[in-house]
Amino acid sequence: MSSVSRKSWTARARERAVGALPPEKLLPDSQPSYMSSWIYVFGVLTLTSLIVIIASGSILALKGPGWWHLTGIGHFFNSIHMWAVELFFFFMVIHLWGKYWMAAWRGGRARVWITGAVTFLVAVPCALSGYVSQQNFDSQWISTQAKDAMNAAGIGAFWNLMNFGQMYSYHVFLLPLAVVALVIAHVLLVRRHGIVPPFQLSGAGAGAKPTSAARRAPDSGSEGTS
Amino acid sequence: MTAAIFNLNHPAHTVHWHFFSMSVANVVVIVVMLVVFAVAILAPFPGHGGGER
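If you read the protein sequences in the order shown, they are chains A and B.
Each residue of the first sequence is one higher than the one before, starting from 1 at the first, in this note's numbering.
Each residue of the second sequence is one higher than the one before, starting from 227 at the first, in this note's numbering.
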């Protein structure tokens, strides 16, 4: 059999993936010293909250509304799901504030910033569609009130809060799929480009008082993970 | 079913200031977020001796 002169698409895809994100970047041994600050913890806290949301939401979907409304353990998982969403947004907004003030789009990290910002925008309707998916009087009240805002915005025909099947499908499948896909892309891009370094301290002036994170950054101008 | 820690059997309290109108619960959450943000920047990170790991 003659040797194959052209590489298969799987080989090309593998080489491209490994070239863009080699294993030592995908799963690094160490991180830069300036990462030793509490402000860098909020990204992974957001990620942890998302895992709890997906896990508790999957259990709720398996058991159904009779279980989550009428049993003690159902109430417990319903509460786990709701409070995990609260913490997800709590941590994500602090993560967003931190990255905004670090100007985290520096050093070719525009796509890291964009995927994070779009994740936030997609997560909002993902969470709000949960309010109208509860299957109780609360969800009926919210959907009949909020539909007027959707109609006023001109999107009521595409995002119909009175259509339970549509809202439930968006809440348990379409929007979570988009959020998880965006988060995976965001994390892979962070791995590829590395954590954004602090601003150069030398330009801050003699009287400037650096933060606890910046004080521990001897190589503040470096790019990527060490 | 256990009772709520706070009495929830009333309309939400709101903060009004000119055009600004927000429930007290949301104001409290935003203030807590600002406090946590400040603490995250200023608080020392434990177990860090300096230099590259």
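Keep in mind that the hints were calculated from the coordinates and are not lab data.
Note that the structure is a prediction, hence the values are computed from the model and not measured.
All residues carry an ideal CB built from backbone N, CA and C; glycine is no exception.
Watch out, some of these pointers could steer you wrong.
Facing chain A, according to a computed beta carbon distance under 8 Å, are these residues of chain B, among others [as the list claims (entries may be wrong)]:
(1) Val257
(2) Met259
(3) Val262
(4) Phe263
(5) Ala264
(6) Ala269
(7) Phe271
Verification of the hints:
| no. | hint | result |
| --- | --- | --- |
| 1 | Val257 | violated, 12 Å |
| 2 | Met259 | holds, 6 Å |
| 3 | Val262 | holds, 6 Å |
| 4 | Phe263 | holds, 5 Å |
| 5 | Ala264 | violated, 10 Å |
| 6 | Ala269 | holds, 6 Å |
| 7 | Phe271 | holds, 5 Å |
This entry does not satisfy hints 1, 5, going by the numbered hints stated previously.
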